[in-house]
Amino acid sequence: MDAVLQPLQYEFFVRALGAAIVVGTVCAVVGTYVVLKGLAFIGDAISHAAFPGVVAAFILGGSYYVGAAIAAIVTALGITYVSRRGRLRTDTAIGVLFAGTFALGIFMFSTIEGYVADLFGFLFGNLLSISPADLAGLLVLAAVILVTVAVFWKELLYATFDPLGAGAAGLRVEWLEYGFLVIVALTIVASLQAVGIILVVAMLVTPAATAQLLTVRFARMMMLAVGVGIGSAVLGLYVSYWQDVASGATIVLVQTAAFLLVLLLGPRTGLAGWLRRRGVAAAGS
Amino acid sequence: MSGHEHTEQPMTTPPGTHSDPHDQPRRLPSERQLPRVDAAIDAGHAHAHADAWLADVTVGYGDRPAVEHVSLAVEAGSLLALVGPNGSGKSTILKLMAGLLRPWSGRVEVLGAEPGREARRIAYVPQAELVDWQFPVTVADVVMMGRYPRLGPLRRPGRDDRRAVTAAIEKVGMAAFAGRQIGALSGGQRRRVFLARALAAEPDLFLLDEPVTGVDATTQEDLMDILEGETRRGKTVVASTHDLACVAERFARVAFVNRTVIAHGPASLVLDADVLARAYAGHLLVVAGQAIPIDDAHHHDQEAPGETHFHDDLPPHRH
Chain A
1 MDAVLQPLQY EFFVRALGAA IVVGTVCAVV GTYVVLKGLA FIGDAISHAA FPGVVAAFIL
61 GGSYYVGAAI AAIVTALGIT YVSRRGRLRT DTAIGVLFAG TFALGIFMFS TIEGYVADLF
121 GFLFGNLLSI SPADLAGLLV LAAVILVTVA VFWKELLYAT FDPLGAGAAG LRVEWLEYGF
181 LVIVALTIVA SLQAVGIILV VAMLVTPAAT AQLLTVRFAR MMMLAVGVGI GSAVLGLYVS
241 YWQDVASGAT IVLVQTAAFL LVLLLGPRTG LAGWLRRRGV AAAGS
Chain B
1 MSGHEHTEQP MTTPPGTHSD PHDQPRRLPS ERQLPRVDAA IDAGHAHAHA DAWLADVTVG
61 YGDRPAVEHV SLAVEAGSLL ALVGPNGSGK STILKLMAGL LRPWSGRVEV LGAEPGREAR
121 RIAYVPQAEL VDWQFPVTVA DVVMMGRYPR LGPLRRPGRD DRRAVTAAIE KVGMAAFAGR
181 QIGALSGGQR RRVFLARALA AEPDLFLLDE PVTGVDATTQ EDLMDILEGE TRRGKTVVAS
241 THDLACVAER FARVAFVNRT VIAHGPASLV LDADVLARAY AGHLLVVAGQ AIPIDDAHHH
301 DQEAPGETHF HDDLPPHRH
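Taken in order, these protein sequences are the chains called A and B. The first sequence maps to residues 1 to 285 in the working numbering. The second sequence maps to residues 1 to 319 in the working numbering.
Please note that a few of the clues may not be correct.
As the list claims (entries may be wrong) - Distance ranges between label pairs, derived from CB positions:
no.	chain 1	residue 1	chain 2	residue 2	range
1	B	A184	A	A103	42 to 48 Å
2	A	I59	B	A184	53 to 59 Å
3	A	G100	B	A248	57 to 63 Å
4	B	A248	A	E174	36 to 42 Å
5	A	V144	B	Q134	29 to 35 Å
6	A	G231	B	P157	26 to 32 Å
Unchecked claim - Just so you have them, the derived chain B footprint on chain A, three or more residues with Cβ under 8 Å:
no.	stretch
7	92-105
8	132-141
9	144-158
Said to hold, decoys possible - Calculated Cβ distances over 12 Å to all of chain A for the following chain B residues:
no.	residue
10	D56
11	P65
12	T166
13	A217
14	D225
15	R233
16	A248
17	P266
No lab work stands behind these hints, which were simulated from the structure alone. As the structure is a prediction and not an experimental result, all values here were calculated from the model. For every residue, glycine included, the Cβ atom is placed at its ideal position computed from N, Cα and C.
Hey, can you work out the whole structure from these sequences and the hints?
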């Protein structure tokens, strides 16, 4: 019990805990759609694309949230535009823009003289160093994202499940797609401080993927994803505090462990399912 | 919408001769029951009575056309089958009507407006292969999606919506499966569910891509009974299919498609060896029944076994 309560006397830890819960929630909600839409790779590309924005904000002395958001949104829309209008497959467009934007970030980074610890924070994340201002920015972003999803969840669901049927019935599928990518970009920006550019895709994808192994209902999948997202963020944060290891990586490892556990033991793909099916077969014979 | 008394009209007019759709006032329900006027008076008449109207439409994917010079008028209240070989453009024509594809050239009008304008009066059902059956939704969830467009953002499904969903699920005989995840259903049950979604939307125009493909005989009969019932209430149904026997038995009208409309007429056309040869032999001929020049020689509006107007004097399609 002391292991849980002791760190709470530090303000920085309480901030980190708040950020972990908010990021875990937002990533799981948005990640549910990301997984169902098959956009995991796009999420990875958008997060890497945020890097030059962060570096530019650092050089210009602006808010890193704004820099990252601009870079992420431009890339998200760029990928969709290139793959829609161009003659390229989406994964090709992603491959090109993903590496190109990240290279731009590293190039800009290398022009900065001296060692800049803050930027490494964005690459690998550090929840424990989150400032009150960062936490406030995170809360605003999270509120915008969650309200948007709350308003458009039905339309997003229909357009994800059956874009043709939804489009024919009058939903603006193209706008929903662009709008959703903006939401993904904002989610990634909100999560950068927690897990960093390299690992943020895991926050989006792993909890939702774990939830998908457990249920066949959409609403339940989202709730389970939120549970896994919050749980692994909090657990990972504590482990990183006590073991003095990188918080972002620890959180992602906890999520990955949860996923593997469910995969191997869960009711649909793992041991539990196998036992149940065997039980049914035995009862039937 | 209600039934339509007028009988046959020339199904389309050649491009350029029809009156501009936007010059015409929107049809009122009562106008739809006007007795048939002499087609010679009004070249735009078939157009005015069509729920879906395509004139000389060419469209495709990338830079390759999928269908060319398609002209077709689907009369309100009709039960029309689109038939043709694989890749002939049946799905493309349905997507044009659904407003999912913009024509490269030619004109499309659906429910008296630009495609997409009357989208909430349309229910489109895609081919089964295009659906992700592992998606975490139940039968009831899918059918409720039919109500989403009319709800709009912010509004949650209410009692009317739930009632419509329940009624639609019962109508297709899936009440016992309402809570099932869609991946756990058989092929026929999946088609039933998607028809239920279309019914729940209470549309005026059903656009169904292969609604009875790969289903058992009972399901086919059930689904066709439902569609027939809808057309009797004045709704319009356009469905693509491969099953010529089903077309002959259950559909009222048929359009043969092979990169363009080869022939369009009563369902008995499927028994016409000549039409079949043209639709399925891979010979691409410029439309017969559709692009009929308006001159005396061609003003034979009687349906009869005819209504397949072959014009071999027209130049064959270039490819």
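message: For a quick check of understanding: which of the numbered hints are violated here, in increasing order?
response: When the structure is compared with the hints, numbers 7 and 8 turn out to be violated.
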